[in-house]
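*Asks:* What follows is each chain in one-letter form.
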Amino acid sequence: MAILFPSDPKIIIQGLTGREATMVAGHMLAYGTAIAAGVTPGKGGGQVHGVPVFDTVASAGRALGKADISIIYVPPLAAYDAVVEAIDAGIALILIITERIPQQDMVKLIHQAEAAGVQLVGPNIVGVINPGLKIKLGPIGGDDPTRCFAPGPVGVISRSGGMTAETSYMVKQAGYGVSTSVSIGGDALIGSSPARLLKMFQDDADTQAVVLFSEPGTAYEEEAARMIESGGFSKPLISFVAGKFVEAMPRGTTFGHTGAMVEADYTRPSAKMRRLARAGVLVAREYSEITALLKRALG
Amino acid sequence: MSILFEPDAKSLLRKNRLPVPLGREAHSVDEAIHRADELGYPLVMKAVVPSGKKKKLGGMVTVQDEAGVRAASSELLGKSIGEFIADSVYLEQFCPTDKELFISFYIDQALRLPVLLASSQGGIDIEEAAGQGSGLIRLTLDPMQGLKPHQAVQVGVDLGLTDKTLRKFAQVLLGLGRVYFSYDLKLLEINPLSITREGGLMAVGALINADDDALGRHADLRVLRESNTDRFWKPPTKLELEAIAADQSDPYRGTARYTEMPGGKIAFAGGGGGASLLLFDALKSRGLEPANYTELGGNPPEEKVYLLTKVILSKPGIQGFFMGNPITSNTQVDLMAKGVVRAFKDMGVDPESFPVVIRIAGVNNDEAERVLNEAGISFLGLGSTLPQAVDLMAKKMQAARS
Numbered sequence: 001m002a003i004l005f006p007s008d009p010k011i012i013i014q015g016l017t018g019r020e021a022t023m024v025a026g027h028m029l030a031y032g033t034a035i036a037a038g039v040t041p042g043k044g045g046g047q048v049h050g051v052p053v054f055d056t057v058a059s060a061g062r063a064l065g066k067a068d069i070s071i072i073y074v075p076p077l078a079a080y081d082a083v084v085e086a087i088d089a090g091i092a093l094i095l096i097i098t099e100r101i102p103q104q105d106m107v108k109l110i111h112q113a114e115a116a117g118v119q120l121v122g123p124n125i126v127g128v129i130n131p132g133l134k135i136k137l138g139p140i141g142g143d144d145p146t147r148c149f150a151p152g153p154v155g156v157i158s159r160s161g162g163m164t165a166e167t168s169y170m171v172k173q174a175g176y177g178v179s180t181s182v183s184i185g186g187d188a189l190i191g192s193s194p195a196r197l198l199k200m201f202q203d204d205a206d207t208q209a210v211v212l213f214s215e216p217g218t219a220y221e222e223e224a225a226r227m228i229e230s231g232g233f234s235k236p237l238i239s240f241v242a243g244k245f246v247e248a249m250p251r252g253t254t255f256g257h258t259g260a261m262v263e264a265d266y267t268r269p270s271a272k273m274r275r276l277a278r279a280g281v282l283v284a285r286e287y288s289e290i291t292a293l294l295k296r297a298l299g
Numbered sequence: 001m002s003i004l005f006e007p008d009a010k011s012l013l014r015k016n017r018l019p020v021p022l023g024r025e026a027h028s029v030d031e032a033i034h035r036a037d038e039l040g041y042p043l044v045m046k047a048v049v050p051s052g053k054k055k056k057l058g059g060m061v062t063v064q065d066e067a068g069v070r071a072a073s074s075e076l077l078g079k080s081i082g083e084f085i086a087d088s089v090y091l092e093q094f095c096p097t098d099k100e101l102f103i104s105f106y107i108d109q110a111l112r113l114p115v116l117l118a119s120s121q122g123g124i125d126i127e128e129a130a131g132q133g134s135g136l137i138r139l140t141l142d143p144m145q146g147l148k149p150h151q152a153v154q155v156g157v158d159l160g161l162t163d164k165t166l167r168k169f170a171q172v173l174l175g176l177g178r179v180y181f182s183y184d185l186k187l188l189e190i191n192p193l194s195i196t197r198e199g200g201l202m203a204v205g206a207l208i209n210a211d212d213d214a215l216g217r218h219a220d221l222r223v224l225r226e227s228n229t230d231r232f233w234k235p236p237t238k239l240e241l242e243a244i245a246a247d248q249s250d251p252y253r254g255t256a257r258y259t260e261m262p263g264g265k266i267a268f269a270g271g272g273g274g275a276s277l278l279l280f281d282a283l284k285s286r287g288l289e290p291a292n293y294t295e296l297g298g299n300p301p302e303e304k305v306y307l308l309t310k311v312i313l314s315k316p317g318i319q320g321f322f323m324g325n326p327i328t329s330n331t332q333v334d335l336m337a338k339g340v341v342r343a344f345k346d347m348g349v350d351p352e353s354f355p356v357v358i359r360i361a362g363v364n365n366d367e368a369e370r371v372l373n374e375a376g377i378s379f380l381g382l383g384s385t386l387p388q389a390v391d392l393m394a395k396k397m398q399a400a401r402s
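In order, the protein sequences belong to chains Z and W. Just so it is clear: in the first sequence, position 256 is 256 by this note's numbering, and no numbers are missing. Just so it is clear: in the second sequence, position 110 is 110 by this note's numbering, and no numbers are missing.
This list has only true hints and no planted wrong ones.
Derived DSSO-like pairs (lysine-lysine); straight-line CA-CA distance at most 30 Å:
id : chain 1 : residue 1 : chain 2 : residue 2
1  : W       : 284       : Z       : 295
2  : Z       : 108       : W       : 15
3  : Z       : 199       : Z       : 108
Honestly, the hints are just simulated from the structure, not real lab data.
Taking the hints into account, I'd like the entire structure generated from these sequences.
*Replies:* Okay, structure coming up:
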């Protein structure tokens with residue numbers, strides 16, 4: 001069992017023929033993740049690492065059947081059209097690796113995905129990995145995912161791409177492994193919030209606890225706290241919020257990711273920590289405490 | 001985000017057939033007097049700075065004659081408004097006003113939808129407007145359709161407008177909505193939107209924030225001057241400008257960001273946004289004040305790492321160097337190591353006597369270790385954690401002090 005996708009998903013990569021995507025696809029294949037097709041307009045009929053390339057998502061679908069997952073690896077100003085294409089093709093899960101997508105494009109994409117019942121993850125993410133199934137979606141873990149990701153019972157959700165791997169590595173250091181690690185993106189406007197993923201981890205028999213890596217800015221922790229209080233997530237949740245120093249900076253200052261702007265009080269790291277603790281979450285004051293809290297939670 | 005200066009914001013509105021007062025920009029007292037003659041009196045003079053609070057901060061004066069222009073322009077030119085210095089003044093025909101409205105289009109990040117905020121009490125700032133409660137109109141917009149004509153009329157009705165003014169208002173509001181959506185703006189705020197004595201409408205104050213990520217789509221916006229104010233609550237320092245130049249040396253590979261902190265002793269570089277936030281906190285909590293905030297990630301080329309490391313080490317008063325990277329997915333850490341080693345050599349940093357901690361692991365791990373070992377730089381690699389790196393830095397700083 002896994003969250004987000006079936007155990008043997010059909011995966012396509014939009015923008016596969018690009019330099020970065022080609023490298024990442026090589027790493028995915030080497031890890032054991034099958035890629036059904038790539039899509040790049042005008043490059044149909046070609047191949048990348050033996051993976052067939054089509055001009056459109058619909059053409060790929062006609063030849064190979066509907067994909068379960070599309071990974072978006074196209075330039076920022078082309079990302080909107082690519083995601084709309086994937087939504088129109090009825091693909092249930094769309095991971096947007098691309099960063100620097102215009103804000104108004106993201107608002108429209110989130111709106112259309114919700115209307116179509118499609119789940120977006122991202123933008124600006126390193127991807128998702130399920131080491132038990134050997135499914136790596138995106139650059140996450142790089143050329144050697146086993147460095148950071150061992151199979152196990154812990155879910156990881158992280159605003160920061162780099163810290164998705166590092167936090168999974170902390171889980172490994174604690175003697176456990178991860179069920180699924182999800183990079184959700186550091187922007188304010190993202191497709192999958194922590195609360196939405198917590199709900200999925202709640203329903204996942206392979207997940208016994210979750211670690212959440214947060215940053216300043218946005219109301220996502222407030223949303224997660226409310227969701228936990230209403231009984232939507234009852235497994236142990238370990239939280240770490242980075243960027244406490246930002247609170248001493250003038251308002252409107254952005255550090256870290258673009259979503260990390262401190263505005264309302266609930267966007268402040270200290271307020272997030274208090275709010276999550278009030279909802280019964282195990283809040284690590286220092287990053288190193290994650291290990292001890294995990295051991296306490298999993299016994 | 002790029003804040004458009006007022007003359008540019010006004011010209012964008014004018015280009016889109018929205019009513020703005022006639023205005024001219026001037027860079028000297030003489031030029032201001034010349035422009036004032038063209039415009040006629042009375043005039044409003046504004047310091048050209050990227051701020052929506054010019055009135056509050058003393059950057060706005062109404063003048064009646066040439067003597068007034070002379071006095072106001074000598075006062076405003078070179079004046080600090082907030083953290084910004086005015087290089088020019090903007091002269092505008094004074095607009096006799098009956099009523100002032102407040103209009104703002106932006107994206108509500110919690111709703112993840114565009115929102116229109118309107119108030120019948122213009123001339124105040126957004127925070128005050130938000131505190132008004134009942135007098136404030138807040139309309140969530142359909143991101144696919146934008147502001148609809150009937151919504152524009154309704155907002156006017158709710159603001160208490162009638163007859164001809166209501167129709168004119170709805171037209172102007174629709175035009176503003178079109179500008180906001182078609183230019184991918186982050187913020188379009190008209191404050192005040194004045195109802196003139198003749199019953200016309202006039203966008204007297206205009207604040208526009210563009211989306212840097214959408215500028216590639218709007219060639220006409222790009223020609224307007226912009227100020228990269230995303231990460232700066234004050235104008236960039238010399239080192240910050242050098243860091244921007246380093247980042248722009250290869251704009252599509254890797255990200256290098258540098259913010260100078262007041263004081264501090266530790267030259268600091270974190271690998272990417274999340275790790276940098278975490279490590280900055282961790283250093284501070286151990287009494288080690290970073291001299292700067294830096295994110296360096298996204299697989300930067302060696303040259304970028306080299307240039308940025310030099311910037312980081314250039315701040316006076318530096319007593320140690322700390323670089324913490326999470327285990328990387330795509331960043332080639334051998335290039336990071338090579339860039340750092342070259343910067344150390346160029347700057348004459350001796351890792352024997354100068355406290356240095358580097359945590360580095362990930363893609364091309366072995367080569368990075370070889371490069372750092374060869375240069376005699378101690379580091380923590382695979383098998384270490386980020387908190388261990390911070391602890392080691394604390395230990396080294398203490399040893400250096402004693």
